Each structure stands twice: as C-alpha cells, then as structure tokens.
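Novice: Each chain, letter by letter, is given below.
Number of protein chains: 4
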Amino acid sequence: MIVILKPQAEAGRVSALMEQIKRLGVDIHYSQGTTETILGLVGDTAHVDVDWLRASDIVADVRRVSEPYKLANRRFHPQDTQVTVSGRRIGEGAFCVIAGPCSVESEEQLLQVASAVKASGATCLRGGAFKPRTSPYSFQGLENEGLRLLLEARRITGLPIVTEIMSETQLDDFADVDIIQVGARNMQNFRLLKALGHSRKPVLLKRGLSATIEELLMSAEYVLAGGNPNVILCERGIRTFEKMIRNNLDISAVPVIKEKSHLPVLIDPSHAAGIAWMVKPLARTAVAAGADGLMIEVHNNPSCALCDGAQSLDPAQFDLLMQDIRRRAAFEEKVMS
Amino acid sequence: MIVILKPQAEAGRVSALMEQIKRLGVDIHYSQGTTETILGLVGDTAHVDVDWLRASDIVADVRRVSEPYKLANRRFHPQDTQVTVSGRRIGEGAFCVIAGPCSVESEEQLLQVASAVKASGATCLRGGAFKPRTSPYSFQGLENEGLRLLLEARRITGLPIVTEIMSETQLDDFADVDIIQVGARNMQNFRLLKALGHSRKPVLLKRGLSATIEELLMSAEYVLAGGNPNVILCERGIRTFEKMIRNNLDISAVPVIKEKSHLPVLIDPSHAAGIAWMVKPLARTAVAAGADGLMIEVHNNPSCALCDGAQSLDPAQFDLLMQDIRRRAAFEEKVMS
Amino acid sequence: MIVILKPQAEAGRVSALMEQIKRLGVDIHYSQGTTETILGLVGDTAHVDVDWLRASDIVADVRRVSEPYKLANRRFHPQDTQVTVSGRRIGEGAFCVIAGPCSVESEEQLLQVASAVKASGATCLRGGAFKPRTSPYSFQGLENEGLRLLLEARRITGLPIVTEIMSETQLDDFADVDIIQVGARNMQNFRLLKALGHSRKPVLLKRGLSATIEELLMSAEYVLAGGNPNVILCERGIRTFEKMIRNNLDISAVPVIKEKSHLPVLIDPSHAAGIAWMVKPLARTAVAAGADGLMIEVHNNPSCALCDGAQSLDPAQFDLLMQDIRRRAAFEEKVMS
Amino acid sequence: MIVILKPQAEAGRVSALMEQIKRLGVDIHYSQGTTETILGLVGDTAHVDVDWLRASDIVADVRRVSEPYKLANRRFHPQDTQVTVSGRRIGEGAFCVIAGPCSVESEEQLLQVASAVKASGATCLRGGAFKPRTSPYSFQGLENEGLRLLLEARRITGLPIVTEIMSETQLDDFADVDIIQVGARNMQNFRLLKALGHSRKPVLLKRGLSATIEELLMSAEYVLAGGNPNVILCERGIRTFEKMIRNNLDISAVPVIKEKSHLPVLIDPSHAAGIAWMVKPLARTAVAAGADGLMIEVHNNPSCALCDGAQSLDPAQFDLLMQDIRRRAAFEEKVMS
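Protein chains in written order, with my numbering: chain A, 1 to 337; chain B, 1 to 337; chain C, 1 to 337; chain D, 1 to 337.
Source of the hints: derived by calculation from the structure; they are not laboratory data.
The model shown is predicted, which means the values in this text are computed figures rather than measured ones.
Watch out, some of these pointers could steer you wrong.
[What the hints assert, rightly or not] In silico EDC-like pairs for lysine to aspartate or glutamate, Cα to Cα no more than 16 angstroms straight-line: (1) LYS243/B / ASP324/D; (2) LYS243/A / GLU143/C; (3) LYS6/D / GLU259/A; (4) LYS280/C / GLU259/A; (5) LYS280/D / ASP324/D; (6) LYS260/B / ASP61/C; (7) LYS201/B / ASP176/B; (8) LYS243/B / GLU215/D; (9) LYS243/D / GLU215/B; (10) LYS243/C / ASP319/A; (11) LYS194/D / ASP61/C.
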C-alpha cells in the first residue's frame, strides 16, 4: 500500500502517523522527493483501512498495491476451482450450458422446455420462480409454485436446477435447489451473501450492471469467507452509453477474472444481447474467450413468454446453437459437462 | 406505444397481431410508409407488455410514449408531495438537512455528533447501524446496538433518526426509526421495497450507482403501489468513466425528477464527492438546482472514523456549511425545516 | 419518424405543424389517444430535421424509426463490401491481419518488425508516423521521415502500409499510403472525413472511445457520401467505469455492425486491452464474433518502445498468435488474406 | 511515481532496471515487502515514460503520483488566470455570459439575436459558422459568409465574438475572431491545439464527451506549452448511461478543475441539457459551483432554428435568465463582465 503525503505535511505529524501505522504490524519505507513524500507500507496490509488513511489531513492519496480479496485470489490459490453439482462439473476444463426459460410459467411450459434442452445436451435447467422486475406491474413469477415445478422438472429430466433467490429468508425454501443464483441486482446484497456463505450450496453470482470486476470478486469473497467454496461467477453485460444493445457484454472480463481468480466464469449472452439473434454470436465469443460455460434463455414459444421473450431462443434454435457450441468447445479442448 | 413492424412482415400475420393487441383494450392507428409500417397504440397501454411485442418476429421495435410509472408521476399528481416526520416537513418549499456519521461507532461518538449537528440546525440525525461494505473484512456496523444508540440520541436531542435497512426481515427492529433508508445497492431489492410499501414509514430511497432516473422512479412506484405515499428520493452520484471523483453527482437529476415526479428529492454530496473539501461546493449546487434538502456525513473526528472518514466533515466544518446553506435556502425562498 | 405531441397542444397549431411537415413531401398518419397524440411520418423522412421538430413547443418528443445513414446501411446495400488493397482483400470472407509497431522509431526497428510480421503472415504493415498523444511532452512520431520509412518497408517487404492521418492538409503527403487510418480521436473530424470522401484511398475508420455505433456509421457515411466506397471500420474498445482494463472491447459491435451495415469491421485488441497478455484472448473473440480482421501492435523490443510498449507483442509472440488465428479463421471458413 | 515489481522478478534484472531509471536523473527508494516490491521514484519524473516502464516484464504496475500537466497546474501557478478579451475579463472574480445562436443562419437572424443578447447584458456573442454535424446531410454552416456576418455583428454591437474552428488550416480566416472555440469533438485534435499554441488568441476549449478532466487539462497544456496563456475551459456534459437527458452536466468538474488548475472554467448548460427548459436550473448550479461564466444558446425563433433549436432560448427567456444570473453572481460576490 502506498501513502502519498501532502507536500506541506508537518514533520511531527508525519512521525505520529508513521507510529500509528507501525502499530498495525506493517513496515514502512519512507521516500522523500522534491515534490512529494511517499510511504510504502509493506507486509500484511489487509487490515489497514484505506478510508482511515485517506481521512488524515496530511495524506494526499492512498493506493492499494495488492488486491483486497484473498480467498477469491488466484495468487493464493493457483489451481482452477471446479464446482460439482449432482455429478456434473463446472470449471477447470469442463464446459457447461445452463438453459431454460426466463420465468417458470406453467407445468406444461417448463416440462416442454426442460425436456427440449435436455435432449439438446444442456447441463442444467434454469428457470425463475421469483422474478426481480423493474416494474411492480410486471409478472413477478409463480413463486413457491414455480419452485415446486422446477423440482418436478428435475425429477423427470434428471437435470440439476438453477434458480434465483431474492432474500436470505428464502434459504430454507431453496434447500432442494442445486445451484442458487444471485441476480445482478443483488450482487451487493451482503446479508444474502453472508447467509449463502454459511450454506454449502453452489452459488451462481451474477455481476451487477455497473459493478467493477473487483467488486464482483469482493462479493464472491463474502460467500467464500463464510466457508462456502462453491462460487461460480457470471458476466451478463454492463451498462454503457451505447444504445443499440441492451447491455455491453464485457468479454474482457473472462481473461481478467481468469488471471485474478480461480473461480469458474460463465457468460449469459441472452441478458447481454436482449435480443435473440445476437445470442449466437455472443455465445461464440464466450467459448473463444475461455469461459467455463453459458447461460441461455430458451422458451417453447418466445412470442408468448411472460418475461424476456425477445431474447429467448426457441428449442429448435437452441438445438442448433448447441451443435455449434459443442464443435467450438471441442476446438478449445473443453469437455461438455 | 409505437410498434414498428419489419418491412417484410406478412399481411396475415400483421392482422393477427393487431387482433391480439385490440383484445387488450387499446386502439391501433395503422401507418403504412414506403420503408416502414407503424402501429400507434392508443388508450391505456400500461398493461401491454413491451417484451411480449418485441418477441414477435414481425416486430422490429417497440417504443413507449407514456411513462411506465403512474403513482410517482407528476402528470397524475401535479402538486408536490410533502413528507412529515415528527412534525418536520420534507419537500414542497421546506429545505431539510440530514446529518450525522457514516456509521454509529459508540455512544460517545454518536451523542457528540448528534448534539453538534442539532446545534448547527440539522433537521434529522443520520447514522448507519448496519453497513453495506464492499469488503467482508471491513467494519460492518454495530447492528442492533447501533439502532439502540440512535434511539438514545433521538431521546436526548429530539432529532428524528434516519438509518439504513438491509433486509425486509428487519422491519420490526426498525419500528421506532423515523425514516428508513434504502441504500443505493438495495434500490432494486424488490422484496424490501414491497415490504416497505406495506408500512407507512417514510422511506428515503437512494438512487443506485448506475440506475437510470426511470428505474429510480419505478422503485419508488413499488413502495407507492403498496400503499405507502411517504417516499423521499436521493441522488448520490452515478458511476462514470471519470477518475478524479468517486462518483459524478448527477445534478440534472433534480430538475428532471421535479418535472417527472411530485416526490421530494435530496442530494447526498458526501457520497458523490468521496472527499470532504468537495462537499461544500456540491451542496451549494444542490440548493441552486432546487433540491429539497441535503444528506451530509459529519464525524466528531474524521481521521478516526471507522468508515468513510475521508468524506466526513467535522462539527466545525458542518457548522460553517449550515450557515452558508441557510443563506442560500433563504435566497431560493425555501424554509429550513 | 414518430412525432409525439404534448397533451395540451392546441388544435390550430397542430394543423399548422402538419401542413409544414407535408410540405417536406412526407405523409402523416394521425393517431389520437387518451393521453397522447402521435403523428406517424411516412415516406422519405431523411430530410426532416429532428431538431426542428423537437424545437416546436407543441412537440413532446420525436423518434426516428429508420436509420439516418443510407450509403452505409445494409438495408439498401445487402451484399458485403470488400475493399481491395494492392491485390489483398478485406471483408466478405477474407480475414486480414494488420500488424506493426505503434510508432515508427527508426529504419532498423521498422524493417525488423516489417519482415517479422510478413514472415508470420500479416496482410498489411501498420506504423504511426504522426502520433496523437495525450501529453505534449510525449514522443509525437517521426512525422514525414516516418512516412518515408514506411514506404521503404513496403518496397522491401511488399506489404501494403496503413498509417494514421492527423489532418486533411496531409492528404498529398499520404498519396502513396495504401490505407489511411483515421484514429479514434478524429472519428468526428468532419473536415478530414469530407476530404477523404473526395479521395478513393481505402480508409480505416476507428471508433471513438465513446462514440455510439450509429455515430461510427454516420462518420463512415461522410466518407461514402463524398464518393469513396472504400471504408473499413475498426472497433478498439470503449470507455466505461471498469478500471482493470484500459478500454472495454465492445465485442457486440461486430454482430451489430454486420446487421446494420455492409462495411468490413476489424478489431484492434491491442488498444482495447492496453496490455500484451490480453491481446491473444481478445483476438480469439474477434474471430469468433465474425470480424473481418485484426489490427495488432508488434514491436521488436517492446520494453524499449517509445509508445504503447506495454500492449505490444514481440515477433515471437505474434508468430504464435498468427498460428492460432489461422486455425481459427479456417474453423470459421474464412480465407486469410 | 511508483513502480510495483512482479513478485518473482529476478534480482539481477531489478538492479538493471534501477540503473536505467537512475540514468534519467531520478532517485529511487526501494521497498521490499512480503508480497510485493515497490520502487518509489522521486525527483523530476516528468520525463519518465510510464509506457516504457509498464512494458518491462518485471513490472506489475506503474502509478503516477504527481500530475502530468505543469503549465495548467495550480501547484506551480497558484493565482487564478484571467483572460482579457477586448477589455472584457474572463475568470478571477468576473462572471461572463457568452450567448448567441448555435449557427449563424442569416444577417437578419444574427443581428436580431446579437442586439437582443447585448441588451440583456451578454459579455460576448457566440455563433457557429462552421458546424460539426453528426450527419453529412445536416446543415453544415454558412462557413466564410458566417464569419463575415459575425464580424459585422461585432461592428454593430461591440460584442466580442466566439466561434468554432474546425482545422488548423483556418487560422488565417479566424484572425479577427476574438475567442476561438475548440469544440468537444476536436478536444484532442492535437495539430489544431499546437497551432493555437503558436497564436496568442484566447482559446475556449470544450471538454470532449467522454474526456477525463485530466485529458482536458492535458489538451490545455498543448496550447499553453506552445506559448499561448489564454486558455478558457468549458464543461458541456459528459456521456453516461442515463437516457432522460442528452448529456450529464458534470458539475463536480468545476470544483475539481479549480483545485487542480488556475484556468477559467465556463459551463455550457444548453449542450448538456439538450432541451430549453433545463437550461435555467443548470445555469443556476453553474453559478453556485463557482464557474467563471456560462455559454448559452439563444435564437430569435427557436422553432425554426437550423440546428439545436430544442435547446435554444428565445430572447425573452434569455433576458429573464440574465436577470436571475445577475442576482446570483452578486450573491457569489462575482462581478458581471
């Protein structure tokens, strides 16, 4: 950690600050220049509070050198993490495809989609029972009945299920869910993250619309710090000035996260694109970028979907996509899980 | 609502779509051009789902003409809303200042700050008992003990208290809080918003770091739709590419929200600036923009604050700021509340 | 084009406005709803000025339905454009790689890099003679001597050369350059674009750091409207809030531009990444996204580069990249040009 | 400047790098920690190239501590700069208002607007003769005839004129212009900036739509480094994700620039807002933020303006605004210039 002092900082106050810092158990290298003085803090600076230093009126700036996340950090955990869900592997050479409708609408709809995506080779079934909607007047999901239908679809197809949780109070209701999804809007719902840390359920953590990669890793750190190592990250597009696409898929997030962390990373091209025809080209870039899998919206009848129909593929389109993805995963020497 | 059809849309399918739309109780004006065909949907289009239309493969684009929020909309509620808290007024000509520490740290700290901000003329006391922190290793707040200290400070100073809720499960614990704050990270925690809609407590709703103004109004709509009319909005800086400031205060949000909605709007210059010296110039722009008040972080000893010390004013700085703000509120013909 | 009138617009003024619009040669479909009145303008609306309509005080909003670009628009030019440069093809099934140093530094440096990238299979040689630098104190390029060295490198290697122009006054000096690059900072230097429109030289137009895709296509339209059909687009990363990468490669720009326009699109992963190790994964996503080629910075000794060394590959790294790219282009059924 | 070395950097290579750095005339403070090694470069680091250091494969990161701009830096030039234009002062306690039409359209239009804004108390007359338009099909300005009309308007009203230059080739034609404006799209047209540095004309430099404040100051540095001290900065809104306003006025830019630089700063609320009714509230925030003046679009008949009519005030609206601004400038103890 680097502390840059103000040019006019009084010597006595600088000494006092340095004493306080040393009491935190870190060493200081002092560099006096003509225009600035720099304190280099070396040692375990994890417990040195940047805010506390910045608030001192003799400090001009503070910059972290080492990352604030530890358990999510590849530096301290060099090998890739692989999460296992009912015998299916996610990460470390395996390529998974989680597919299904935006929201569970009826038994018939869910079972049709579930058996279709299974036939096409999907790894897991997704489906929203509780839906976070911008408008209070939009369809909010079938709620507990939706959960029940998902479990029924799992019983019939054998596909593990992924569904979104909205609050830590729902953890008991989600006891039989295979992967609990934390949506983009809840990425910094820290009470929920802490509660998931005390579980051992695999957690699929989606990046917030304007969350930095570091913030995403810090949210993963909340779950890991609670003792749950089963975290899967998911990039789903970020918010920018561009108007022709709903969100900008941040494809560079894949290599950056792979460099910084050992956790698996999926891409959700459906939410990034917001429109069905763009799912395929974006899915292709995900495979090429080194992602560990995809999350794709599929609906038996997109024109009648109660939510996000515009971005949903129909089963035939999904089957074609899967054929393409399988060839591409093989090209990248990944095994479909 | 405008539906733009694809140039090659088949006549039979267009008629079928038009029939479906009419069954929703809206009229259609059909405009055929050389390069595009447009359906103008007129009447009450609130229940026409944009997603459903966009998912049709003969539809090129759909554009809403009227706003998706109703209860928050000034068009249907022309007069300003004023929220009353223990006899103090917020909005409609009154100018309020909510001040206090980022987090409650101890009885001594809170009482010192509370009596100082009261002496300087603050309307309400703020203080975090439950803190949403990016890092699991940062101070997370005194929690229920913090709430207890806030109520104690209210008893002693008479200042109404504002504090942040993290989850709908805490509503009972917040029964004695005067204004419940929903933080930027929870702006789209819809379960929390719904629960607050069933309460009658004043809700201070902060704009998310990358939430559009429309999304902020839609989140307010969740609370209003539940039956709670006491919503106060707060702009606290948005995320952009600029690196010299922590967040960009979106000062235009004030006139835009005033045009679109009847709800009171506060500005939080402390979180926008991220640094104490910039609080004063930003607070001044808030008054000039027509905001209904300010939310300011004050700490008895900013260099030792456990959270956000860099942006906190000390009591003397806050007192000077209040003198300045009072003169400016008078200039704008606002009454300090 | 859709014109939304204000609810309280007077009938007489609405008629007058409609008369004015009709005089521009377009038809109007009038739709009166309960909360809004809509005018649907149909016919050739290219010459109807949105600004003029928006300025009317009875108009609430104006929305374009058809795109404002015509010559760049795939709707009126369905087949892909292919640009030919000294017998090498760019676009329409051909995959090109433009490689070379950020800036020309010396004859030795340029010839070493040029022969290395030729040996590895590059299509064209890039190199900056005139450098747009943020700081007036940074190296500004060898200028005309740089141009001379580029022509020398072309003579020796046979590779067509690509170099950046800074001003329309340089067109004569660039007479022997094969492809004239317009840099991101000059994407809306309209005098330069107009001058290039009067030339027949292939123009490589880079997207500005915060230019929308529509603005990029409008800048291309300037060149096309002047009579020069040889425009190649290049995406090189956009500016967002994310701090871990220099710019966010907007990979969705490739399918979007391919849908909207017939012009070839390249990707510059070097400028997007800002760091050498990320060039390879981003280059892979470019091939998968359907881009027509790459623009890669290569330096014989990146640690000593006078500009952008951090993002430059050395010749050995570039050779490995080319082997990988060739396999990927073949997978996509593209022919290396 | 701080150089962070990679953990595994070889001792021999570190020594070699340190030798190279010392030869540039700067001292190094070496700090070895358990997880990182830091070199603190002290002395005059202006000529140490960050790119060069970053390109070294033993370097993990490089961070500048001191600002890269010198002549624009308040640290080396503590007192405010005041630019004088035909006896009118801009900056340092004076408050100026530059007003006029977006583009010069006719003698009648310009003279009407010029005499109106003069009567209302404007400091200077603005008007575009050469217009940078996104579309090649939009009105591009009256060009040299526009310049002639501006000079005529100055002769009649006595108001100094401000107009936008498009290219360094126009400098001779702009010899009689009082203040040369560099538009947002040309903020990094470095050839133009260099040419203006060799002039002594006051330069009004507008911030690019996604330029950082540091980049704006670096562009000012180009002009200052050429020997021209007469630079006036102008903030006109930045590009963000928000859709309800054309650009987000970055009001914090005013206090930040005032802290970092001694140059005058104006605000252009017309371009930020994009709509006339929002000009007034934004202009008010500019005065409160400490800006040195405003730039306002005024048209004698906004509904018929050939450009940006929607954001133009008519003379009566401008007169009301000026009355308001005069009261506010007096409140801030500024003198109208």
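Novice: Compare the structure with each hint and give your call.
Specialist: Hint check results:
no.: 1; hint: LYS243/B / ASP324/D; verdict: violated (33 angstroms)
no.: 2; hint: LYS243/A / GLU143/C; verdict: violated (38 angstroms)
no.: 3; hint: LYS6/D / GLU259/A; verdict: holds (14 angstroms)
no.: 4; hint: LYS280/C / GLU259/A; verdict: holds (13 angstroms)
no.: 5; hint: LYS280/D / ASP324/D; verdict: holds (9 angstroms)
no.: 6; hint: LYS260/B / ASP61/C; verdict: holds (14 angstroms)
no.: 7; hint: LYS201/B / ASP176/B; verdict: holds (10 angstroms)
no.: 8; hint: LYS243/B / GLU215/D; verdict: holds (11 angstroms)
no.: 9; hint: LYS243/D / GLU215/B; verdict: holds (11 angstroms)
no.: 10; hint: LYS243/C / ASP319/A; verdict: violated (37 angstroms)
no.: 11; hint: LYS194/D / ASP61/C; verdict: violated (41 angstroms)
Going through the hint list in order, the structure does not satisfy hints 1, 2, 10 and 11.
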